Structure formats: structure tokens, C-alpha cells
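Participant: When the sequence shown is numbered by this note's numbering, its final residue is 929 and no position is left out of the sequence of numbers.
Just so you know, the hints here were simulated from the structure itself, not pulled from any lab data.
For clarity, every value in this text was computed on a predicted model and none was experimentally measured.
A couple of the hints might just be wrong.
[Stated by the list, open to error] Think about it this way: if two alpha-carbon atoms lie no more than 25 Å apart in a straight line, the pair counts; the simulated DMTMM-like pairs of lysine to aspartate or glutamate are: (1) LYS535 / ASP512; (2) LYS879 / GLU741; (3) LYS885 / GLU746; (4) LYS885 / GLU795; (5) LYS701 / ASP905; (6) LYS840 / ASP748; (7) LYS531 / ASP512; (8) LYS656 / ASP720; (9) LYS702 / ASP905; (10) LYS701 / ASP914; (11) LYS892 / ASP912; (12) LYS840 / ASP755; (13) LYS620 / ASP691; (14) LYS840 / GLU746; (15) LYS656 / GLU616; (16) LYS531 / GLU504; (17) LYS904 / GLU741; (18) LYS702 / GLU616; (19) LYS701 / ASP617; (20) LYS879 / GLU746; (21) LYS620 / GLU563; (22) LYS531 / GLU517; (23) LYS801 / GLU527; (24) LYS581 / GLU625; (25) LYS879 / GLU742; (26) LYS810 / GLU774; (27) LYS879 / ASP748; (28) LYS535 / GLU517; (29) LYS778 / GLU795; (30) LYS892 / GLU876.
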Amino acid sequence: MAACDDKFHEECGVFAIYDRNRPAALETYYGIFSLQHRGQESAGITVSDGHTMETFRGMGLVTEVFRKLPEKEGFIGIGHVRYSTTGSSIPSNIQPLQLEGAEGPLALAHNGNLVNTKVLRNRLLQSGSTFQTTMDTEIIIKLLAHAGTAVMEDRIKGVMDEIRGAYAVVACTNQAVYGFRDPFGYRPMALGKTESGYVLCSETPALDAIDAEFVRDILPGEIVRVDDDGVHSTMYGKKAPRLGICAFEYIYFARPDSVMNGQDIYEARLSMGRHLWEETHYEGDVVMSVPDSGNVAALGYSHASGIPYVEGLLKNKYMGRTFIQPGQKQRERAVRMKLNPIVMNVKGKRIILVDDSIVRGTTSGIIIRLLRNAGAKEIKMCISSPPVRFPCFFGIDTAQRRQLVAASHSEEEICKMIGADKLHYLSQKGLAESISRIRAKDMCFACFDGDYPEPVPGGGLDGMKE
464 MAACDDKFHE ECGVFAIYDR NRPAALETYY GIFSLQHRGQ ESAGITVSDG HTMETFRGMG
524 LVTEVFRKLP EKEGFIGIGH VRYSTTGSSI PSNIQPLQLE GAEGPLALAH NGNLVNTKVL
584 RNRLLQSGST FQTTMDTEII IKLLAHAGTA VMEDRIKGVM DEIRGAYAVV ACTNQAVYGF
644 RDPFGYRPMA LGKTESGYVL CSETPALDAI DAEFVRDILP GEIVRVDDDG VHSTMYGKKA
704 PRLGICAFEY IYFARPDSVM NGQDIYEARL SMGRHLWEET HYEGDVVMSV PDSGNVAALG
764 YSHASGIPYV EGLLKNKYMG RTFIQPGQKQ RERAVRMKLN PIVMNVKGKR IILVDDSIVR
824 GTTSGIIIRL LRNAGAKEIK MCISSPPVRF PCFFGIDTAQ RRQLVAASHS EEEICKMIGA
884 DKLHYLSQKG LAESISRIRA KDMCFACFDG DYPEPVPGGG LDGMKE
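The task is simple: from the sequences and hints, build the whole structure.
Facilitator: See below:
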């Protein structure tokens, strides 16, 4: 988590296509470009023409890595954008990974985080494996490449027997594209159809980007193969004791125009704003958001309350990625580079300020000072999620628990720390009701209530969390 950001970050986005009438490299480029919000550190594309396979990777945004599109022709492609959670942000950790298996070349890309990485890695090392990366993804591809059966679906089931945690995986050989999702359903994956092929992706905007039609979500625990004969589906067979669909996908990670597990993200965020109004009934002159993550919830608050929505903070969309040392002055400068008040909408106003979350609390205080300096009369802050009190072990980059401000401070204390006149977090009940298309018992709210869908071995992810 960047010191100047104070937001959770998704680990990555994945994309795969099998279509003999479309250039795989170009379609995959468009696909991962539309998933850029899920990871900005690196990008990669693998292409196969049915005989040979090549992988192209680099550090940076999709447009930076692929200033020139790979010349490799092919009808099979997988792609990946990454924000590191497990493993450092270094070139060797860029996905997709590709290696030679017993049945020929195999490439793989992964969204999620395994919780038994250390045990599996040590076992592979003892059996003579060597590692080129520090990622859990390399464990998955090594297990898959060297499984003792020629049938890929059986190999995948064998790997799923061994790995624990969150994973939405796409893979390809020279003959087919594969996708599989963990039995808890932590991370999303959708299936789409083109005129002559099929697509797998983390979010539905990737389908829109290449003019593909949404078919359905890949089910938790489902394994799919796409080849010339179409889509072949099989289930892992071992059902999870409960589902664990990540609530933060709906609060913040997913694009607002996505539909995920049957739920429109935009609809859910509007409802979060409406529930915030029902829980607070704050009086004010204007509603405004912390852009862009608070935009839709702020609109929902405005619609429900009748208080006009205005833009109060202008986001510098051309700032790019920044790597700032974690000093208070540097953090404040970074926020000022990113956000600037629109004084005519702020001065003299009683503001209801909506954001999606408070993690450390550092950025919220800086934003409130910006608005006060611009003449705000009063600032009541509404957060469209409950207080984040516990770290995530399933594919989200979170702070250690001691760095989560709500883990050790009350709502009143946090309000005072950030300098707001009032502060309200959306209740967990209000959040569950906002994500109305999914049963609350099928969601993972562990970062709010500590109720993890599955045990976390050793009390933490290889010692990364406390």
C-alpha cells in the first residue's frame, strides 16, 4: 500500500481468449487495458499459434509496456496486470509465467493469494525444484506442469487439492485455454463469447472492450477448458464449507460499469450511498466525493437526501504512479498533487464528504485540511464501508493490523484524528443490503469482522500480516 494512497489494492487482473478469427495479441491488449485499475505495476501477454508460444512482459502500465504490440500471431492469448501482494515488484515477478511442461509449453496468470505458500514452496525445493520468482503463482504453474496425468482438468483438480486461499487462474497450452476459480469464490472471473470464440476475464468491461457478449460468471470451484469444440466445464468436486465473495470488490476494486456475480457494481454503490443517508440523515449544503472511489456512493447519498451533489475535489488524472517516502510532508504533497479543491463549490459550505474506506487514516486528514483551507464551513464524512479492523489474506494488499486505524481507535477518536466534524461508517448490515443480489452469508466481510471463510495457517500469510 503506497504511503500517499491509503487504499487497499487488488492484486491483479486476468484475461484469456480463444478465437481463430481474431488476433490474440491485440484482443488481449485491449482486455488487460480495460483491467488496468486492478494492477498498475506490470503487464504481460502470452500468445500461441497452436504450435509455438511466446510471452511478452514488462514493468509499468499496459500502454507503457506495449508501446509496440507483440508481432507474434496466434489465436490463443492470456494476459495479466499486476499489483504485488505476495512477492516483490521486480521484473522476474511479472506474469504470465511460462515454462515447458511434460506435455509442452504452459503459460499461467493468477489473481489472488495463497495462504500455504511457504509449505508448498519448501516441499518443491526439497524435491529439487528451483524458483525464478518470489510469487505464489510460480508454485501453481510448477505443480500444474509436473502433475502425473496428461488430462489437464485432472491436473488442475490435483493442484486445487494442494493450494489454499484465493485464486482466479487463466492458463493456456498450444491446444486450449483454461480457467479455474477457488471453491470459496474470493476473486471474480467471467465467461464471454465472441462470434467465433470465447473469453475469460476478471471483469465484464474487458468483454465490452473487444465487443464480446457476457455469458455467465465462472462458478466457485469450476474448471473450464476452451478449445475448437467450445467450452467444457467441470467442477472441482470438493465444496467449500461456505462461500467467501470479497465485499471490497463491490465497495472499491471493481470498475463501476462491471457486473460481478450477478451484481451491478454501480447499483451496489448507489445503494451504499442511500444506506449512508438512512443511517445518518446529516444536514448539509452539498454532497461531494473523494474522487474517484467515492463518486457513485456520493451520488446515492445525494439522490436519497435531496442535497445537491457537486464536485469539490478535482483529481489530476495525469499524475501517474508516484513512489513517495512515508513522511508526513511528503504524503501531504502527494495528496495535493493528486487532488485540488474547487473553491467555489467548497467555500462557506456545509459539506457531506463521501469516500469508500479509511485504512490508515492519513489521507483522509490531509483531504479534510485541504477543504478547510479552501473555506469549508463544516465537514461531515461518510464512509461507504464498515471500519477496516482486520487484514486480508486472500489477494488484497493490506497493512498490518497495527497500521489499520480502526483496529485500535473508536469512530469518535478517528473523527478527531482526521479533523472531521462528524464521521460515520456504513454498517455491515447496510453494506450487505446494498450488495442485494448476493446473499450476505456468501460474502467475505473478514476485513471488517475478522470472520475468515477458512483458517489462515500460522496466524498469518507467511508472517506478512499480524
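Participant: Could you run down the list of hints and mark each one as holding or not?
Facilitator: Now the hints, each set against the structure:
1. About 8 Å separates the Cα atoms of LYS535 and ASP512, which keeps this hinted pair within 25 Å; it holds.
2. For the proposed pair LYS879 and GLU741, the alpha carbon gap of about 23 Å is at most 25 Å, so the pair holds.
3. Between LYS885 and GLU746 the CA atoms are separated by roughly 11 Å; this keeps the pair inside 25 Å, and the hint holds.
4. A hinted pair counts as satisfied when its Cα atoms are at most 25 Å apart, and LYS885 with GLU795 qualifies at roughly 22 Å.
5. Taken as a hint, the LYS701 and ASP905 pair is honoured in the structure, with Cα atoms around 17 Å apart against an allowance of 25 Å.
6. In summary, the hint linking LYS840 to ASP748 is supported, as the alpha carbons are separated by about 10 Å, within the 25 Å threshold.
7. Between LYS531 and ASP512 the CA atoms are separated by roughly 19 Å; this keeps the pair inside 25 Å, and the hint holds.
8. For the proposed pair LYS656 and ASP720, the alpha carbon gap of about 18 Å is at most 25 Å, so the pair holds.
9. Taking the CA atoms of LYS702 and ASP905, the gap is near 13 Å; set against the 25 Å cutoff, the hint holds.
10. Distance restraint check for LYS701 and ASP914: the Cα-Cα separation of roughly 21 Å lies within the 25 Å cut-off, and the hinted pair is therefore satisfied.
11. Under the criterion of a C-alpha separation no larger than 25 Å, the hint pairing LYS892 with ASP912 is consistent with the structure, at around 12 Å.
12. With a C-alpha separation of about 23 Å, the suggested pairing of LYS840 with ASP755 holds against the 25 Å cut-off.
13. Our distance criterion of 25 Å between C-alpha atoms is met by LYS620 and ASP691, whose separation comes to about 22 Å.
14. The hinted pair formed by LYS840 and GLU746 meets the criterion: a straight-line CA distance of about 13 Å does not exceed 25 Å.
15. Of the supplied pair hints, the one linking LYS656 and GLU616 holds, its CA atoms being roughly 21 Å apart against a limit of 25 Å.
16. For the proposed pair LYS531 and GLU504, the alpha carbon gap of about 18 Å is at most 25 Å, so the pair holds.
17. The straight-line distance between the Cα atoms of LYS904 and GLU741 is roughly 23 Å, inside the 25 Å bound, and the hint therefore holds.
18. Between the alpha carbons of LYS702 and GLU616 the distance comes to roughly 17 Å, so the proposed pair stays at or under 25 Å and holds.
19. Our distance criterion of 25 Å between C-alpha atoms is met by LYS701 and ASP617, whose separation comes to about 13 Å.
20. With a C-alpha separation of about 20 Å, the suggested pair LYS879 and GLU746 falls inside the 25 Å cut-off, and the hint holds.
21. In summary, the hint linking LYS620 to GLU563 is supported, as the alpha carbons are separated by about 20 Å, within the 25 Å threshold.
22. For the hint pairing LYS531 with GLU517, the CA-to-CA distance comes to about 15 Å; that is within 25 Å, so the pair holds.
23. Annotation: proposed proximity of LYS801 to GLU527 holds, straight-line Cα distance about 21 Å (limit 25 Å).
24. Simply put, LYS581 and GLU625 have alpha-carbon atoms about 12 Å apart, close enough for the 25 Å limit, and the pair holds.
25. Taken as a hint, the LYS879 and GLU742 pair is honoured in the structure, with Cα atoms around 20 Å apart against an allowance of 25 Å.
26. For the proposed pair LYS810 and GLU774, the alpha carbon gap of about 13 Å is at most 25 Å, so the pair holds.
27. Annotation: proposed proximity of LYS879 to ASP748 holds, straight-line Cα distance about 22 Å (limit 25 Å).
28. Of the pairs offered as hints, the one joining LYS535 and GLU517 holds, with about 7 Å between alpha carbons and a cut-off of 25 Å not exceeded.
29. Our distance criterion of 25 Å between C-alpha atoms is met by LYS778 and GLU795, whose separation comes to about 15 Å.
30. Of the pairs offered as hints, the one joining LYS892 and GLU876 holds, with about 23 Å between alpha carbons and a cut-off of 25 Å not exceeded.
Checked against the numbered hints given earlier, the structure satisfies every one of them.
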